[in-house]
Each structure stands twice: as structure tokens, then as C-alpha cells.
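K.L.:
In case you want the letters, here they are:
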Amino acid sequence: MSLLDAVNITKRFAGITALDAVSMQVESGESVGLIGPNGAGKTTFFNCLLGMLRPDAGSVTFDERDLTRAPVYRRARAGIGRTFQRIELFAGMSVRDHLLVAERCRLGTGRFWKDILNLAAPSGDEKARVLATLELLRLDDVADAPIESLSLGRGRLVEVGRALMTEPKLLLLDEPSSGLDASETAALADTLRAVQSERGTAVLLVEHDVEFVRTFARRLYVLDFGTLIATGATAAVLGSAEVRKAYLGETV
Amino acid sequence: MTDFITYVIQGIPFGCVFALVAVGLVLTYKTSGVFNLAFGAQAFVAASLYYVLHVRHGWPTLLAFALVVLVISPLLGLLLDVLIFRHLRTASPIAKLVSSLGLLVAVPEIVTILVLGESSTFGVVGIWWNDNALYRFSDYVIDGKEMAIIVSTLLVVLLLGLLFRFAPIGLRMRAVVESPRMTELAGVNADRVSAFSWMLSSLLAGLAGVLLAPLYASLAPQNFTTLLIAAIAAAAFARLTSIPMALVGGLLLGIIQALLSGYLPPASVIAQSVKPTLPFAALFLLLLFWPGLRSAIQNKDPLSGVDPPPDPSVAVTRGRFLTNATRVSGVVVGTGVLLWLLTAATTYWIGIATTAVVLSIVFLSITVITGMAGQVSLCQATFAGVGAFSTAQIVKVLGLSVLPTLLLGAAVAAVVGALLAVPMLRLGGIFLSLGTLAFAVMFDTLLAPLGWVSGGAHPVSVPRPIGFVDDRPFLILCVVVLAIVSVFVIFIRRGTTGRYLTALRGSETAARSIGINPTRIRILAFAVSAGIAGLGGGILAVQKGVAVKEDFGYFYGLFFVVLVVTLMPSTVEGAINAGVGFALVPEVLKLVGVSSSWQFVLFGLGAITYARHPEGVLEFQKGKSLAAIQKRLPARLRGPVPGPTPVPTGGAD
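Those sequence lines, one after another, are chains H and L.
Here my numbering is used: the first residue of the first sequence is 1, the next is one more, and so on.
Here my numbering is used: the first residue of the second sequence is 1, the next is one more, and so on.
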């Protein structure tokens, strides 16, 4: 059984079919890409997987649990982490606190009575794990800086780190390279590969940057107007005529 | 059947009253993005000026009407736009709501002091050529005042419909609400459009004020405020967008009210409390169950990300030397005042100090719900009332001793808060504020008069706990409770709950994506906040020796929020400042020799600054003076320099 098994996800917005029976499987530890032109339904698909949108039909099974009707936070606790296309950070928090909140949430040990007795300070173990992730993402030099002072590229890394603290089995990355320059994108790809080899996290990547996709993803799904038009090994899919026509705008 | 028709006809004039105000609310919301609670205050301004000119100075009806409604009211709207709302266009809906709330508190007081004065305001006259002329419709008779309202309401709806359908300005007004920056990029002068919007809606408020005033025996701001809140139900029925639907909503409300009072036995308790409660209950239910209402306010300026983030709080940027200096001087002053109170002060000043301390406890509840959870609840005074009534009733009925009962009272308030939070949290934003306001008014009209709640006509007395009967020991008790609650709040903010709430404020989408359950954590915040308010309310009742429902009316709920938000909503220090301010400002005003009503003006106008300084004016001033002081300090004593250039964070996905 696959780690993620999304079957026939269909979503309509006021008569427009944004997703038409899209199915997708992701295995543990795999890197998969989801590509398609703007408006193809990639982010809508992400939102359906994570419960931010309710699909009109279809089912989501993750880690052998049916999550079709589960709220967002429960899917997150089941092991789906994500980053956002338009960056979503916690204003007024330091970088370290971003990770600490996620760590505390994963442990689920934040009891109210502990707050009242002032026992909620982060434990040595929590601090160490946060520091390890900060070092992995090379964010340790800005650990205590306010989040507002970070560049967009490092802000994206904080999002990745925050998602990683929840120890996801599957990490959904929504256009992680948008707004980054070439060297930042390359660094991000390196970091993601490091994370994957170290933690065995499966990654599902939505991306426009074809180079990034080519080097990172082993397998691809291609969406166009809400339907899957191709799927298979990265090189084969990127080479197929139909995909080049729909996505890369080439006439064959 | 003829009864039925009679009641329906009877309901139409009242329905038009609701409709006229609701149309005004919808118009303002549509054209300025502000849910304008100050609409009632604007109407009161016009009604008062018209009264003074026409009744006191004997101006002819037409002249007074033209000057007040067609000239002064639009000018007032222009003034509000230029001075206040123009600068808030990109602020959050909740910030705009708080600003209009400040006006609602301040403006009627200014008018009462400057225009109406102390003399009586009876004998309000309408604009119809003969107020008492009678118009017959089968069995039912409508008088001139009512005829004027019906005709004007229908005319207004017709004209506005034409304006929005056929005039280009209608489209531009909607564009400015959607995104003022985008509209300016498209070459439209957003300032001019919004000035027109405000003048138009203010003209409507003036018209409503002049028309509605004669329905009451005398001119009183409370009538206008209550009417305004009732009319929100009709505006909610129209989903805040459709002017014709606001008319329908208002008519329905008026007719249902007339039917209820027609068919229910007139002397029964139900009839007496149900009829005034109906609009608020309707608002409450509409907010919860009317589809499409919530999506009405969830539009977001696509260019909102260009705003810089707020400055970090003073406590963060302040150097260690200054922090310690502030703490030491705070302790010294506090101890000094306390020593004076415990030895030399008169009973009068001890009473004032106790009030300050007790209200600080109530205000800490606002620190939790608004400062930490980011929700503006307008029923904190009601929670305090729940605490006070439960404490008083439990002591009286079960004969428990007072101190443990205070905790029970707080627990009852916490449970009420949690139960209210469950439906309210589905709403969020300004609808949560309106829902809590509806709850507060419902409690006032429906529950508070009942014998088992407040004792009805004979308020329930509560003794002071044994050993704390005298004023000085009681003050010490209150200070101890305040200290405990303050520490409690600080621990919560530092703890997991506080971090989760900060995360939710920063980005709810992202907070959910890491596994935070927003509903659970916010219900907890609501319960804690209601519990703290209930504890404070209970102590207030014990201080006075009796739990009186007038101390916990909905208007206090509004005023409390205005007060705390004006000063500093996010810190314990802010709540204590607000408590001291609430008790001390009337005394200071008395010393200076002006009416204590000026406190409403002072704090009401202060709340307008909320949108520009969401951290509170005190915090803002502290920030400024801190910068000045740090400049003069030697370098080694200065704090860290605030962070460099920002990137946008958070917001909806």
C-alpha cells in the first residue's frame, strides 16, 4: 500500500471543474513532482490533500488511514507537512520559536495546567532537536532574529524547517523556488536532498522551474485543466510530445 | 385574519425604521469597508442639531432639515473620512470596527455636553407637515411621523438602487473597498471616491436621525445605540451587501415583532422580554446560520503584503539597564501608593483604589482574548456579570463562604464563555464581535431582569469575606488576587497556549498545517478570559456588597474594550493602566472641574488610534520616549537595535 493514495479527487468551483478525478500515489521516501501550467489545479490539489478544501468527490488515504473527512490539523498530525506558495510565517515570532511551536505540537505535551504552573519552558531535548534542524537548514545564525528580518529565501527555509519539526512522512512543497534566485534555488534543492537522505521523508513538489524538477523528482505527474495528462519517470514525461505542447508551449 | 393584517400593517413603520438604519450600515460597509457602529452616533448628532434649531430656536422645519441633513451631515461624514477612516483603508476590518466603536462611545457624549446641555430634551418634533395627521388603511391608522419614515425609506432604497446600477461612481466605490491601492493604480482618485461614500452615508445617517428622533419621548443616545444594534440584524439578513435585502430584512423584523406583541398575552413575562430581545436573538441566529454571510467579509486586499510589519514591543527592544530601572521605579511607586492607601488615605480614596484594582482584574480578561487571541469580544462585561450573579446567588442559596464561591462564580463564567465560543468561533473577525454584542444585549434584556439571575427588582446582596470586611484589608485582598491573576496570564502567554495563540494570529493556515487545532485553543482562550472576567465581576459585587445588573450592561462591555484597546491591549501592564485610568480619570476630571462624561470622549477618541497603533497609544508613546531616552544614555547601557528590513509574512492562503 502506498504512503499516500489519493483517488479520483474532483473539485468544482461554481461550475468550473478545477480537478477532474485526479489520482496520485506516493511511496515512502520517494520524490515526486507535480507540474502543469498556471491554473492547472496544482495548488487546489494540494489544498484537497491537506483538507484546506473539501473535494466534491474522491478519497485520500494516508499511511493506511482514511483522511478524506479529517480536518487540516489532524492530517498534519498524521504526518503530512507542507510549505506555502505565498509564504505563511508567524509574525512576531523568532525563527527558533517557529520550530519550537511545531516541535511542541508534534509531541502534544502542551497541557494547559503546565502553562499555569510555569512548566511549559522548552526542555533540553526539544531545544536540541530544534537546533539540529536549524543547523541542517543553515539557519542557526538567525535563530533568534525576528522572522520579519529574514529574506524571502530564508523565510522559505523556515517554512521547510517548521514542517520538518512535525516529522512528516510526506512533505508537500508548493513552488518552493518562486521568488528565489538561481543560487538560492540550488541551495534549497541541496538541503532538500540532505533532508531526504537523512530522514527518509517523501517529497511531493509543485514547481515551475523545470531544471529543479528534472534534478529533484524521480517521477512526475502532469496536470492540465484539472486532468492528469501524463505520469511516469521524469525524463520520459518531460520528453513526451503532449507534455511539451501543454506545458512547455512547444509545437511539435 | 383581519387581526393578522392589522398586525402586519402595524409592523411596517417599525420595519422601515430598522430598514433605514440597516440600509445605512450596508451602504457604509459596501462603500467604505467599515462596519460603521458610529452610524448611530452620526444619526444622534443630526437629531440633536435638528432639535436645537427647530424646537429650541424655532427655525422653520424645512430650513432646519435642509441645513442639518443636507449640509452638516455630509460635512460630518467628510470630516470622519479625512480625519480617521481615510487612513484606515488598508487596516483590518476589526481595526476599523474598533475605531467606529470609539466614535460610538465618544460622539454622543460630545453632542450632549456641547449641543444639548443640561436642559430637557422632551418634545421632539418630526419633519412631516403635521406629525399627528392620520392616514387610514382599513382598520389601522398611521400617523405623520410614521408616514415620513415609510416614504423616506422607500425613496432612499430606490435612489441608492439607481445610483449603484447606473452611475459610474457606484462601481468605483466598490473598487475602493476591494483594494484602494489597486484602484489608484487604475487611475481613480481613491480619496475623492471615499469622501463621496462617507458624505453619502453620513447624509443617510442624518436623515435617519431626524426621522427617528420623534418616535421617542426624549432625545437620548442610548435609544439610538440600541436601535443601531437591533438594525444590524436586518443588515446581516442582507449579507451586508444588498440594499433591497436590507429593506426586506428590516420589514420582516418589524412585522415579526408586531405579530409577537399582537398574539402573545400582553401581560405575560414572555411578551415583555421577548419583544425587545427579538432583534438581538435574530442577529445572533442569523450570524450563526445565514449562509453566505461569512464569505461577505473575507475579501483581502491583494496588495496588503506591501505593509511593513509592526515595530517590536518596547519591552523587547529596551536595554537591560532601562528594563531594570523601569521595574524598580514601578515597584517603588506602587509600594508607595499602597503604603499611603493603607495608612493615611481616606475611605473615599481607598474605595477608588479598590475599584481600580478590581477593574484591572476584569481588564486582564481583555488582555487574554484581544491581546493574546486577537479576537475582539464585546461581552466581557456580561461575563463579569455572570460571575457576579453566580457568586451572589450561590452564597445566598447554598450559604457557601464567599472566597471559594468567587472561584465557583469564575468557573460558571468560564463555562458560559466556552459554550458561547463554540458557535462564535465559526464566525471570526467582525462577525464574532457582532455576535458577542448580540449576546450581551440579549443577556441584558432577557436574562438579567429574571429573579433567579439578578434577583430582579431586589438585587442579591453579597457579604464581604470574614476578615476582609473593612476597606483596607479588602483592598489588600484585591491586590493579592490581581497579582495572582497577572502571574497566571503571564504564564499562559509564555506557555504553550500563548505560543499557539501567537502562531494562530500570525497565520492560521500555517498553524493548522503543523497540527494546531484552532478551535480547541481558542475555546480555551475564551473560557480563560470569561473566567477572569467572572472573577473580577464577582469581586466587584463583593466590594459593593450587592450584584446590580446595571453595573454589567452591554454598554460597559463596549466601553471596556475601547478603554483597554486604547491604552495597551497586549500586556498585563496595559490592563492595570486601564483599571487605574477607569477609576482615576473621573476623579481627575472632577478636580479640573469638568463633567465626568468627558472620560467617554477621551477614551472613545483614543480608540480611533487603534488602527494606526494596534499596540495601544501607551505602548506607542513609550516607544517614542524610549527612543529619546536611549539616545541620551551612554552606549553600554543601550538596548539592542531593532531589526533590519522586513519581508511580508502571513495572511490567508
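A portion of the hints provided could be inaccurate.
As the list claims (entries may be wrong) - Derived lysine-lysine pairs resembling DSBU-like cross-links, with alpha carbons at most 35 Å apart:
#, chain 1, residue 1, chain 2, residue 2
1, L, K396, L, K622
2, L, K590, H, K127
3, H, K169, H, K127
4, L, K549, L, K590
5, H, K114, L, K590
6, L, K622, L, K590
If you are wondering where the hints come from, they were derived from the structure by calculation, not from laboratory data.
K.L.:
State for each hint whether it applies.
P.N.:
We went through each hint and held it up to the structure:
For the suggested pair K396(L) and K622(L), the alpha carbons sit about 46 Å apart, so the restraint of at most 35 Å is broken. With a C-alpha separation of about 55 Å, the suggested pair K590(L) and K127(H) falls outside the 35 Å cut-off, and the hint is violated. About 22 Å separates the Cα atoms of K169(H) and K127(H), which keeps this hinted pair within 35 Å; it holds. With a CA separation close to 26 Å, the supplied pair K549(L) and K590(L) stays within the 35 Å bound.
Annotation: proposed proximity of K114(H) to K590(L) is violated, straight-line Cα distance about 46 Å (limit 35 Å). Taking the CA atoms of K622(L) and K590(L), the gap is about 27 Å. The hint holds against a cut of 35 Å.
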